[in-house]
Amino acid sequence: MQQQQPQAQPSPSPKPKKKVRVPKVVNGVEQMVEIEVDADAGPGWGPNDKHKLLNQRYTRVDGPLKATGVAKYTYDQRLPGMLYARVLRSPHAHARVTKLDTDDASKIPGVKAIIPAPLTEVRFAGAPVAAVAATTPEIAGDALRAIKVTYEVLPHVVHAHHAIRPDAPKVLADENNLAEKAKNGDAQKAEAAFATADAIVEGEYFTARIHHVCLETHGMVVDYRGGDTATIYASTQGTFTIHEDAAKELGLPINAVTTTVEHMGGGFGSKFGLGLEGLLACRLSKQTQSPVKLMFTRYDEFVMAGNRSGSWQKLKAGVKNDGTIVALQARQYRLGGVGQGSQAGQPFIYRMGDTYREVYALHTNEDSSIAMRAPGFPQASFAVETLVDELAYKIKMDPVEFRKKNLRDEVYHRQLERGAREIGWSRRNPVAGGNTGPLKRGMGCAVGTWGGGGNNQCKVDVTISRDGSVLVAVGTQDLGTGTRTYTRAIVAEELGLGIKDVKERIGNSKLGAANPSGGSTTAPSLSPSVKDAAIKARMLMAERVAPLLGNPKPEEVLFADATVSANSRTLSWQQAVAALPAAGITSHGEWRADLQARGIHGVCFAEVEVDVETGHVKPIKMVHIQDGGLPLNRLTMESQINGGMIQSLGMALWEGRVMDAQLGMMLNPGMGDYKVPGSLEMPEMVPLIDDEDKREAVIGIAEGCIIPALGALANAVFNATGVRVRETPITPDKILMGLMNSTVLSRQ
Amino acid sequence: MKAFEWTNPSSVGEAVKMLGVSTPGDIDEAPRPIAGGQDLLTTIKDYTSRPVRVVNLKNIRGLNQIKVSGRGLTIGALVTLSELEEHADVRKSFPGLVEAVHSIATPQIRNLGTVGGNLCQRPRCWYFRLEEVNCLKKGGSECYAANGENKYNAIIGGGPSYIVHPSDLAPMLLALGASVTVVGAKGKRTVPLDKFFTLPSEGNIRRENVLKNEEIITEIVVPSSPVAAHSTYLKFKERESLDFALASAAVAVQLGDNREVKDARIVLGGVAPIPWRVPAAEKFVTGKSLTPEVLAETAKIALAEARPLEKNAYKVPLAQTLVRRALAKAGA
Amino acid sequence: MTKSRDNRDDHDPGRRKFLKGVGIAGAGAAIADHLWVEAEAAERPATPESLSGTVKVVLDVNGQKREAQVEPRTTLLNTLRNHLDPAVTGPKLVCDVGTCGACTVLLDDKPVYSCLVLAVDATNKKITTVEGLGTPEKPNAVQSAFVENDALMCGFCTPGFVTTISAYLKKNPNPSPAEVREACKGNFCRCGTYPRVFEAALAAAKGSQA
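Protein chains in written order, with the working numbering: chain A, 1012 to 1759; chain B, 282 to 613; chain C, 141 to 350.
Be careful, since some hints might not be right.
Simulated crosslink set (EDC-like; lysine to aspartate or glutamate; CA at most 16 Å straight-line) [unchecked claim]: (1) B/Lys518 x A/Glu1624; (2) A/Lys1629 x B/Glu541; (3) C/Lys250 x B/Glu521; (4) C/Lys310 x C/Asp248.
Simulated restraints, written as ranges between beta carbons of each label pair [to be verified]: (5) A/Gln1673 x B/Gly440: 13 to 21 Å; (6) B/Gly440 x A/Arg1156: 26 to 34 Å; (7) C/Asp200 x B/Asp307: 50 to 58 Å; (8) B/Ala609 x A/Lys1159: 23 to 31 Å.
FYI, nobody ran anything at the bench for these hints, they're computed from the structure. We put the CB at the ideal spot given by N, CA and C, even for glycine.
Please build the complete structure, drawing on both the sequences and the hints.
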């Protein structure tokens, strides 16, 4: 932003602070919190409509590498002498390993090491029991099957409605299957408030366990061949979350271990830390003094790499005929297997008068849930948006108007109105199932929120060399969100250059620190530091070229169109960089709170067509409107919104883990039976950026756009059919049975 | 994937010989023929098959051809699904067959998968496909689907195993009156498709058809028939992009001068351990005009034998819909 | 090449091609309806060559003859990625059972899942991977359109999509949106790039025609 007049602060020293108030979302409730920023914090981003690159559409800098197969992922690493590792999984949901006989396995030619997994009692089927390293993955597979494991099989329970019974096998040693986690609100007040309601809706809502299905499975290549150093190639969302634990396993100093992640094939919340795969790979590498590649198989990935917890929610709400919701009772079970699960507290983002909720973890012999894009939010959203829809129908009020009535934040109101226009809400038949013929159209909507703020972790270096090249370096990782691309763009824009004039280095733990990419925190954590470094680089350079431009103050030097000018004198970029010292100049950027914000809003509208004679749901159109302050790149932001809608669509209609009660095993640990949506499932998709949001601040939006779609789709299915399916995925069997029985289904 | 020996016979005789010269400890360790490999390799990867030898059929001369004559259509077992789909004469004369082949899997699979292989696919039941589960069809003592997660399993003809046959070609070919030529150590035999597939209760429960270990299909013969021109295949998938049938209906009819049904073949897929022909429904509809009432009643009769398990009752109305729609379409 | 059993004297690698030619003109034509020459049954069948252990294969990958030591069970995908030197890692291992499309390569110009092809079965065939379609400096129309339309995010499914669509546009240079969807229904993406994959395919078709 060449128009701005930055005040350079190149040397970090204690500075006076000012306090600013920023919104923060806790459990779906937005609060204003006060934070401190530097009193003389430099220039901001400027108005959102005044950018040359940012808030425009520009293509990914790594696009050509990815489209031609040249981009190297962790899975693509192949090092001299590298061994391939595989993990042996327990077939039992609960058992003690009493004997591990590796004699036959270790005799197989090509098998180089077999190690036990670091646990003796397994609490879910698929739990790792041992790991093997061999010269080919095929031989490693042979070795796994030659290991003889003796198990003492213990009782298990994998279905929530079994696990909640008092006589169910106990899943964890130190916690009951049903473990109370929170009670909020006044139970008696909520109970009393129902007396003032004109109508009451009560229901049980389920969401299935969802898998991340990262196309690149979890895994690492640990390159340790003895000696003093090691390199870890990791498919991770956190470049800096690995080397410390890896060093411990390898017996090396922390700074002797470098983690690199050039490109990674999807994480969605599941890839942080060394993990079991990294731990086993380190041990195998240490034992064999050879590089070891341990990438999970697809089956491993489904049963060992985590999942989004399921949910079981019992909700009861009362509403007045004028549309005011007056009371809510909620009993929320988080279905996180041996883990705690996650679920936003009800009533999520709605105002529901007197509310009372109890939250429990309900354990089963399944692997622990972990973070997945907006952890706990889609589960809460599905239940409450379905409930809200039911309330609206009950009092015969338009669902859009009903939502506006019970949502405080005006941003949702404008987004709901825009969404209604975009989808053509006026075409909607208000009578559920009221359309004629077997192919019935229906529409639904839902809203969502997320924080999306950043934190102070990123240290960014910008170097301008005397040959004119510009390098921005930070250890962060690009999950496919476009981090590389906007990192370049921020620097290019600040220096008045084109995006091709700047190069970036990321994905290496020897570079400047960066936060792990979770909870939509990357852009709001990273971009302020990049901006800060870019401004500082610009000021440093301005000082150097000032003598050539009649000695202007640094902030008076204009950087634009690959020229540097002041006092009516103009230097080409090459002329300007000639004034730099031989070593060039390097600036160090720090995070600035005033360049980011938190608190986002989104709404989704969906139209579906349901064949009521087959139960088939065809998504016709989806619209998602998302605010997010300053869009760093409209092209990639729209892709993110599409991605959120599509993942939510998958949750709504096809995806869900299926467990067998007797065997205690997952029955669909593959991409054939665990059905992520494909090309023929896609509706017309309309990703919309809410430019009414004038905040000149970067906010993360990835989580926000996965939350509301499944509720919107569920409500659209109801509008189309008159069948209320309160359980995801909303598959044809449930719709057909609903039509046959005219009852609400719940099978869990 | 267990290691195996690979062999490249260049004649049917050599192939049969190579399939026969081994005495496996278990039927699933016997040598297996490979054509497109699109199913076989998945079964080897999940250890459902552990063949000591894989016998490549693709070098055998002649079996990759489609021949059309007055007597009908002869499809070499090695013809790929794509070749069948794109064959001009097939497209002209066998619309239902083209619909059936098009409904299979994905373009990539159809480019390698063969017609013979499609008929010989192993079941997709998730219990069967999980390496850790020793179900009835793998020599174990229990069909876990019977009382387990049986949403995708059989509603007709099941017991003691409740698999469904995964082939899309089989119901359509059966409706068209096709037979297969099978060659084994004792020479050649012709097996009508309605005698080719075996129910778990009557055949070898470890297999889905009459083929012996050393036998292979060399060709599929579809006779000329007036019903071929009015044939259709409707497949219902949970996920349209890539899925097996939750249910399907293959229908072929011959219409009289007043558009009444003179001959009808109705075969259900995805609902039984074999492609399931419904003679009672065929008989009912024969001689009648395809009014909405007749369609509904035919569909009802077609599913009269259904005995759903706990979680697949939805397949009854689903399959009825498909029968109704397929009949209406074929008779249009 | 290890020969565990062998009493034949012709293992000409060109034999397959030769036989295919003969099949069409010869055997098939001789018998009107039956494709298999029954007379053959009278011959005492020979025992064909068998391969086991580790064997050498020569593959034609992106126009180059590439050698590798593999087992009969080694898939083409694993051969490209783990056994060729330098490795060909454009095709990705994602599901390994033909349910995702990330390993798609062209075998004699047709898209197939390389996880469901054995290397020993891919000799004497033309193998084209995404690397053979274009380079970052000289991308093909589909690759360019993927970048321009932001048809990729994490990029792990991208080589498969690019390969599938590149082959499809050769077959059908002017597809409808519905045909594009049908053509890539065997390729799955998790980040959610589909709408832009469709746009890229249509843009590439349009661009190639212009």
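Taking each numbered hint in turn, which are not upheld by the structure, reported in ascending numerical order? 2, 3, 7 and 8
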